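Protein chains: 6
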Amino acid sequence: MHYELGVVYRRIERAERAVADALAAFGSATVHEAMGRVGLMKPYMRPIYAGAQVAGTAVTVLLHPGDNWMMHVVAEQIQPGDIVVAAITAECCDGYFGDLLATSFQARGARALVIDAGVRDVKTLTEMGFPVWSKCISAKGTIKATLGSVNIPVVCAGALVHPGDVIVADDDGVVVVPRAQAAATLEAARKREAAEAAKRARLAAGELGLDMYDMRPALAQAGLRYVD
Amino acid sequence: MHYELGVVYRRIERAERAVADALAAFGSATVHEAMGRVGLMKPYMRPIYAGAQVAGTAVTVLLHPGDNWMMHVVAEQIQPGDIVVAAITAECCDGYFGDLLATSFQARGARALVIDAGVRDVKTLTEMGFPVWSKCISAKGTIKATLGSVNIPVVCAGALVHPGDVIVADDDGVVVVPRAQAAATLEAARKREAAEAAKRARLAAGELGLDMYDMRPALAQAGLRYVD
Amino acid sequence: MHYELGVVYRRIERAERAVADALAAFGSATVHEAMGRVGLMKPYMRPIYAGAQVAGTAVTVLLHPGDNWMMHVVAEQIQPGDIVVAAITAECCDGYFGDLLATSFQARGARALVIDAGVRDVKTLTEMGFPVWSKCISAKGTIKATLGSVNIPVVCAGALVHPGDVIVADDDGVVVVPRAQAAATLEAARKREAAEAAKRARLAAGELGLDMYDMRPALAQAGLRYVD
Amino acid sequence: MHYELGVVYRRIERAERAVADALAAFGSATVHEAMGRVGLMKPYMRPIYAGAQVAGTAVTVLLHPGDNWMMHVVAEQIQPGDIVVAAITAECCDGYFGDLLATSFQARGARALVIDAGVRDVKTLTEMGFPVWSKCISAKGTIKATLGSVNIPVVCAGALVHPGDVIVADDDGVVVVPRAQAAATLEAARKREAAEAAKRARLAAGELGLDMYDMRPALAQAGLRYVD
Amino acid sequence: MHYELGVVYRRIERAERAVADALAAFGSATVHEAMGRVGLMKPYMRPIYAGAQVAGTAVTVLLHPGDNWMMHVVAEQIQPGDIVVAAITAECCDGYFGDLLATSFQARGARALVIDAGVRDVKTLTEMGFPVWSKCISAKGTIKATLGSVNIPVVCAGALVHPGDVIVADDDGVVVVPRAQAAATLEAARKREAAEAAKRARLAAGELGLDMYDMRPALAQAGLRYVD
Amino acid sequence: MHYELGVVYRRIERAERAVADALAAFGSATVHEAMGRVGLMKPYMRPIYAGAQVAGTAVTVLLHPGDNWMMHVVAEQIQPGDIVVAAITAECCDGYFGDLLATSFQARGARALVIDAGVRDVKTLTEMGFPVWSKCISAKGTIKATLGSVNIPVVCAGALVHPGDVIVADDDGVVVVPRAQAAATLEAARKREAAEAAKRARLAAGELGLDMYDMRPALAQAGLRYVD
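Protein chains in written order, with this note's numbering: chain A, 1 to 228; chain B, 1001 to 1228; chain C, 2001 to 2228; chain D, 3001 to 3228; chain E, 4001 to 4228; chain F, 5001 to 5228.
Calculated from the structure, these hints are not laboratory results.
Warning: the hint list may mix true and false statements.
[Stated by the list, open to error] Here are the in silico distance ranges between beta carbons for each label pair:
hint, chain 1, residue 1, chain 2, residue 2, range
1, D, 3214, B, 1213, 24 to 34 Å
2, F, 5044, C, 2227, 23 to 33 Å
3, D, 3199, E, 4129, 17 to 27 Å
In this text, all values refer to a predicted model and were calculated from it rather than measured experimentally.
By construction, the Cβ of each residue, glycine as well, lies at the ideal position given by its N, Cα and C atoms.
Okay, chain A solo, but in the shape it has when bound (with noise of 0.2 Å):
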């Protein structure tokens, strides 16, 4: 399918809610490695207060350098349990995003924002408890001048997002799960989280990698020497 430019793509299929409700219980690492290690954010992407944990399906705003006038047009396609993705097609870490706007998304029932730009207000927003990803932090504006679109396709601090995807956010980063993988993923994860529980306890009694996971055969093949 072709997108155009300039236009809003009100018809989207989000991902599972459910799925994507229980995917933020595992946290941006775990989504990551059941994904097979893919669709994760560059670290460069930041939360704008410690300690959010949240998932989300994906709304995508596609927006031009110190433009934000896209953010009012992805307001109204919001649904409860969303989370809006912004991408910008040049770089740029102007502040798009501010007080105001979180009180709009956060009406509607976003559950975050990740923007691969600048964010503003963020002392309010940290009281309003909404989150955001984002690139930078800055007290500079932007215009309304420019269309963008909404829910395409976009490339958002070098991961791909479709809208509907599952965003899986928190200290570590953000991860991109396809609607398509989101169970099976949500699976993975499961499973993953499951097997970490018992090795926990076991290295906190003080038992080594090596042994636990029977690295030392591997290693010495490998040619690992030891030297006293």
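Given the coordinates of chain A, work out where chains B, C, D, E and F should sit on it, guided by the hints.
Only chains B, C, D, E and F this time, still in chain A's reference frame:
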């Protein structure tokens, strides 16, 4: 006027104290908008701890890389309500400022430091409640060998600062308000803020910015299309 | 001595435990000064949470990009009071270390990790109180395919670290104290700190550094002029 | 369609050869404009030598950090007129590609390499006339341990590339033209270029863009004032 | 004087043409030294091709991110011997300037462009012999929607530039000489250069700077020791 | 051995001249491979002009930010065939080295400079044929106020360099060969290069690396699948 190097200009005209004080409440984003979107320092300037929001009149100092001699010179020129703005003649991340200088600055009545370089002792500075906006944090100390200047116009993090200008700084960044524009900027900021309170309530109630700002006609004229 | 790759040096000489322990209280800035302003890692090394201040003896590991196999090997070499210092043969931001390895390191008695790459599970690490100084935070995991070395001298974030050296880390950064200089550095740090307490009181009382350090004659000789 | 990892998709639909060839003459700036200002890779992608200007059809490869195994796999999929586009699952500057691979790629008919990582042997590549656009240059070699994929859609330097898309690269950067839009983009580029020749002559004769583009009324309406 | 936005100041006082012309021969390093080591733009400003060395009088323009409308406005204010200095209100790498604008600027007598953002068509600009110093190179075009200002003081790449100041640019960077200091700087540069010719000959003959500059006593006094 | 600051170590053991000379022909990539992929400086170290390829024995100098005093001290320690390696105690982009120092270094027999900071007069250095690998280019000069050291081990651009080590530098970067490994590295480089000539011919004839290196079984075992 031509400013010389190796000179301390003792007599500067500060913006009116009441105006500077009043600007603090609005924060850098609103003040930056009120000025017409100029005067913002680059977004790499970050506070050493979250939550500080201050305004004050600029006392400026121009330093050389790795040399903080003039920080002691500028301390004498501080008056209560001032914010020290430190620029460097070349990029440098060294820690020009620590808890001893902070103790001195605070004793002289300084409200904050804005420095286009590094600071150290940030844990102690945080405990002291002395806010600093800086380019980096570094334990690296500096020497005292080369003269700079005090209270000349400086370029700090991309913004021109004259002594006596108002500095407004918070979690979103640092903005410079020229002394001659301080009163008008305060007036503009007040109007802007007053308008925002009502908007916030409407957005919180679920009204869209698209409608509240009457953006739909302009978007349609620009060619925005909706596809179901 | 020529150090080989693919080797674990099990016997290292650690700096005296009491000296390492005592250095923690002074923090990186004071220790760095006490050493003559060398040994500091680059300021991009940041703690994953604010407020941690530790010192310990270095156990080193050299890793390859995207491969954390040797982190399990180094775990076995940890003794209580050690800090693991991980260097990478090329720049990499992957998350080499998460809560499972932290559990293991903590169980072995490690006080911290210093890594010139990325870490993940930072929320859990924060809850565990296991401090890490790193170049980045990333959910991206690593493979286990290539041998590195343990307890060879490494360059980590621009600083040379020998196994057994003392590492001092806090919010200002990470400093390396060569084992042979640890005692002398501790002595110098104590002197420096003692001198600072008195200075702090004088500065807090409003005395200027200009007078306390008797800087005025040197400034005048360098040509500093005051203009009213 | 869901693309799997560890898979080589052998059958791809390439944009029409004649169209790809014809796009080379226009260069990345004109083609980018002709597409509506999308599809450009980030500007950190730079040619290893100045002056090369090429277009070709994309053969894509997804690599892991520090591992160039799949570069040998992708070589087999090259057809004359192709440009290899290499994306990495995490940021890495290692030298994935040198003169041996370049010899192989050239022998298979590749016109260029576009890689979001490092290359080496750039002196030899320059002598061979094999152009590369890359993020960095590094003598650091890579291992061959982990599978990636060939001819799946990849995100390279912020741009989404499908196998078979047209890549246009020159000193200004690298632009991706989706296969389905290649013919239309060529047509638009031709129109744009034709219009520019006449404009260039008028500007060279001293006519102002202000007049040639009839900008004065719009500027006046926007409030531009002239002060003598 | 308070400069307004959205204004073109048509009447500026240029530094004396003969002085500006004469400064070109000395290059940025010598001129920077002659000024007392101030006025240098940040070193990220690089020429689009090696070997150009120019000086001229500044005509300034303040632009918004992603918007080059004012580049057409400033073209009209160019007089032969001018160098256009373009600052942006926020960081942006877009290609604000290409071969058409260069044709116009060259026709008006401009000697160069200095821009704290991106340029494109660099192959053609190189063929035209129109030098540009810029922060980046990017095929990304810009819109024409927002007013900026012409011939107000601007901060470009960290340096304050007033219209009429002399700009000296070469492979080492870009330096700004305030109009009032141009003649004195030329005089100082001449003295410096004259002294250097003799020094160069002595150094080429094998004499050490240690002896030629008589540095040994000062080094000894500072404590330098030689160990065999 | 404990190295002191403020000291010039006059007597160093250089790698054998013939070995150092012979390594030049192989270039940094081959030498880096021959050493087992260690010893490479970070890829931000770039030559000031393309095409230079040199090897020599390291004479080291440790400098302070913005201070090039010790560059004159190190000049005296240069012997024909040496390459000066300059490290800085903190990050700095100032131009520590220009045509006068280059004239002196060249007269003393130095083959190149490798500096983890900036240089200037690059146009003249290029004309002189004196190659420099540096982090940046900057017209900014330095002062002469603080002692450093000469011929102590230094960390330069992330690599540990002992005086007397062999430095190999070309367009791909800079690699450090420890003196004790120089002969073995030369031997390994020769073997590697000999093997490559035959490979190049086979690849140029169209043979695939997949077959030449017999990679297909390993790829299949790792699970690579081909889909038509």
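Tested hints:
no.: 1; hint: D:3214 x B:1213: 24 to 34 Å; result: holds, 30 Å
no.: 2; hint: F:5044 x C:2227: 23 to 33 Å; result: violated, 43 Å
no.: 3; hint: D:3199 x E:4129: 17 to 27 Å; result: holds, 20 Å
Consistency with the previously given hints fails for number 2 only.
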